[in-house]
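Novice: Residues per chain are reported as follows:
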Amino acid sequence: MKAVITVTGRDSVGIISHVSALCTAHNANIVEITQSVLSEYFAMIMVVEINALDIPFADFADLLAATGRERALDIRAMHEDIFNTMHHI
Amino acid sequence: MLNTADILETIGMIREENLDIRTVTMGISLLDCVSEDVNRLCDKVYDKITRTAEHLVSTGCAIEKEYGVPIVNKRVSVTPISQIGGAISPEGYLKLAHTLQRAAKTLGINFIGGFSALVHKGMTAGERNLISVLPEALAETQTVCASVNVATTKAGINMDAIRLMGSTIKRAAYLTRDNQSIGCAKLVVFANVPEDNPFMAGAFHGVGEPDAVINVGVSGPGVVAAAIRRAGDCDLSELADVIKKTAFKITRVGQLVASEAARRLNTPFGIVDLSLAPTPAIGDSVAHILEEMGLESCGACGTTAALAMLNDAVKKGGVMASSHVGGLSGAFIPVSEDAGMIAAVERGALTIEKLEAMTAVCSVGLDMIAVPGDTPEEVICGLIADEISIGVANTKTTAVRVIPAYGKKAGESVSFGGLLGTAPIMELKPYSPAKFVSRGGRIPAPIHSLKN
Numbered sequence: 001m002k003a004v005i006t007v008t009g010r011d012s013v014g015i016i017s018h019v020s021a022l023c024t025a026h027n028a029n030i031v032e033i034t035q036s037v038l039s040e041y042f043a044m045i046m047v048v049e050i051n052a053l054d055i056p057f058a059d060f061a062d063l064l065a066a067t068g069r070e071r072a073l074d075i076r077a078m079h080e081d082i083f084n085t086m087h088h089i
Numbered sequence: 001m002l003n004t005a006d007i008l009e010t011i012g013m014i015r016e017e018n019l020d021i022r023t024v025t026m027g028i029s030l031l032d033c034v035s036e037d038v039n040r041l042c043d044k045v046y047d048k049i050t051r052t053a054e055h056l057v058s059t060g061c062a063i064e065k066e067y068g069v070p071i072v073n074k075r076v077s078v079t080p081i082s083q084i085g086g087a088i089s090p091e092g093y094l095k096l097a098h099t100l101q102r103a104a105k106t107l108g109i110n111f112i113g114g115f116s117a118l119v120h121k122g123m124t125a126g127e128r129n130l131i132s133v134l135p136e137a138l139a140e141t142q143t144v145c146a147s148v149n150v151a152t153t154k155a156g157i158n159m160d161a162i163r164l165m166g167s168t169i170k171r172a173a174y175l176t177r178d179n180q181s182i183g184c185a186k187l188v189v190f191a192n193v194p195e196d197n198p199f200m201a202g203a204f205h206g207v208g209e210p211d212a213v214i215n216v217g218v219s220g221p222g223v224v225a226a227a228i229r230r231a232g233d234c235d236l237s238e239l240a241d242v243i244k245k246t247a248f249k250i251t252r253v254g255q256l257v258a259s260e261a262a263r264r265l266n267t268p269f270g271i272v273d274l275s276l277a278p279t280p281a282i283g284d285s286v287a288h289i290l291e292e293m294g295l296e297s298c299g300a301c302g303t304t305a306a307l308a309m310l311n312d313a314v315k316k317g318g319v320m321a322s323s324h325v326g327g328l329s330g331a332f333i334p335v336s337e338d339a340g341m342i343a344a345v346e347r348g349a350l351t352i353e354k355l356e357a358m359t360a361v362c363s364v365g366l367d368m369i370a371v372p373g374d375t376p377e378e379v380i381c382g383l384i385a386d387e388i389s390i391g392v393a394n395t396k397t398t399a400v401r402v403i404p405a406y407g408k409k410a411g412e413s414v415s416f417g418g419l420l421g422t423a424p425i426m427e428l429k430p431y432s433p434a435k436f437v438s439r440g441g442r443i444p445a446p447i448h449s450l451k452n
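Protein sequences, first through last, are from chains A and B. Just so you know, we're using the numbering used here here: the first sequence kicks off at 1 and counts up by one. Just so you know, we're using the numbering used here here: the second sequence kicks off at 1 and counts up by one.
Don't read these hints as lab results, they were simulated from the structure. Predicted, not measured: the structure shown is a model, and the values here were computed from it. Virtual Cβ for every residue (Gly too), placed ideally from N, Cα, C. Keep in mind that the hints are not guaranteed to be accurate.
Interface residues of chain B toward chain A, partial, derived using beta-carbon atoms under 10 angstroms [stated by the list, open to error]:
hint: 1; residue: L8
hint: 2; residue: T10
hint: 3; residue: I11
hint: 4; residue: I63
hint: 5; residue: K65
hint: 6; residue: Y67
hint: 7; residue: G68
hint: 8; residue: V69
hint: 9; residue: F248
hint: 10; residue: K249
hint: 11; residue: I250
hint: 12; residue: V253
hint: 13; residue: L256
hint: 14; residue: E260
hint: 15; residue: M320
Heads up, incomplete: computed chain B residues facing chain A, CB under 8 angstroms, no partners named [unchecked claim]:
hint: 16; residue: T4
hint: 17; residue: D6
hint: 18; residue: A62
Generate coordinates for the entire structure from the input sequences, incorporating the hints supplied.
Specialist: Structure (structure tokens):
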């Protein structure tokens with residue numbers, strides 16, 4: 001099972017580091033990252049394996065969202081199924 | 001394969017365009033709770049509802065977090081109460097209403113539907129008793145929703161029931177006069193009521209349904225409006241395609257949530273209701289979709305045509321996205337719950353007559369319409385009869401949720417807060433249908449109901 005973590009907001013030092021630290025702490029394996037910075041606006045999409053998470057996925061998503069709020073970023077972790085269902089027949 | 005553009009599109013829909021699942025509604029059969037003793041009946045009803053839906057809210061919250069899509073409401077609908085109450089006294093029915101309220105509070109749901117009676121062909125003593133305490137039930141409870149089906153295409157229109165509903169609505173408005181007559185916002189009068197509708201206030205669990213079932217209502221007027229805006233100056237065929245594709249995506253999310261909720265709650269999946277359900281929030285309006293399609297204001301000439309096209313395209317897109325479609329399935333046009341509708345009424349562009357025409361081509365009917373508090377009972381009956389006949393003649397569901405706001409006059413407004421929104425008081429024609437209405441009896445079923 002995979003989840004998609006998206007991070008958007010104003011660019012600042014250490015965004016990827018904060019998110020990856022949380023992934024490591026809870027055993028989410030990062031399989032893909034794309035990121036871009038467009039006129040100080042930061043957007044990152046990270047695909048992570050969540051089979052071996054050490055906490056429930058909903059709690060993991062809450063932690064990421066809370067980290068985002070602390071840094072004025074919008075961080076969302078969503079199960080890959082919502083994207084697959086919506087965009088693939 | 002996940003694609004960056006798809007991911008960003010989904011996130012944009014949720015974050016900027018108000019995509020959400022409007023409701024996950026668990027239908028629960030209460031047929032096995034029947035008892036001659038009112039107290040025993042109430043105990044069994046309370047136990048069955050709280051046991052069956054024990055994990056509904058927590059499951060809904062977990063799904064919403066995992067998929068990142070808001071599930072705005074978690075609700076319960078039950079077997080029409082008149083069908084389990086039988087001939088218990090009016091006081092017994094009132095006690096049942098309080099039992100439903102108590103169960104809803106225990107579960108943490110915001111509405112429970114099914115304080116209902118199906119009287120399209122006639123009325124049993126129990127149904128009469130239930131209707132006799134409807135105003136008290138709506139005034140004394142906060143989360144109990146009621147509905148009465150007064151007509152079907154097969155049975156015709158029960159004008160005696162409509163007469164009774166006219167006085168019931170007026171009394172509900174009076175009893176909740178200190179709270180903007182909110183009682184009427186929880187009461188729907190139907191024709192051809194669906195038995196698997198997840199949306200309030202008209203939801204109940206039909207007798208042909210299983211013991212329990214999960215029905216889901218999707219939403220997303222903001223997503224459709226944004227897609228139309230992005231499509232630019234295309235012709236109507238292309239526009240229909242844009243709406244279909246968007247409705248497909250919205251409905252797929254509904255199907256995912258519905259099947260996941262059904263699996264986790266170990267309850268059969270019933271249907272996805274393909275409705276565009278507005279909220280008073282900015283950017284979540286069906287009227288604004290119509291305006292995005294090219295109308296200066298909702299209510300302008302062309303509104304019915306635009307709405308018919310929108311409604312059809314939503315169904316065509318949605319039907320392929322879900323394994324079972326049901327409920328009301330169509331665009332809702334509740335005046336108080338839609339910022340664009342409110343604005344259209346306030347600028348004088350949208351009248352009750354135009355709304356009535358619109359209901360011939362979309363879901364439900366004259367919904368959340370506030371009228372002057374001194375509107376005579378028979379005028380309300382005439383309004384209901386008109387709307388109900390549109391449903392009967394067109395073999396579709398129509399409904400009336402009208403609020404004769406006590407002490408208010410045309411030009412004023414009533415505000416209910418939350419999803420119920422704010423309703424400007426709309427003018428009604430002063431001419432009386434009293435003689436027609438007071439004839440009573442039944443309007444016979446239309447000839448095209450004889451299909452066998």
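Novice: Starting from the hint list further up, note which numbers the structure goes against and sort them upward.
Specialist: Those not satisfied: there are none.
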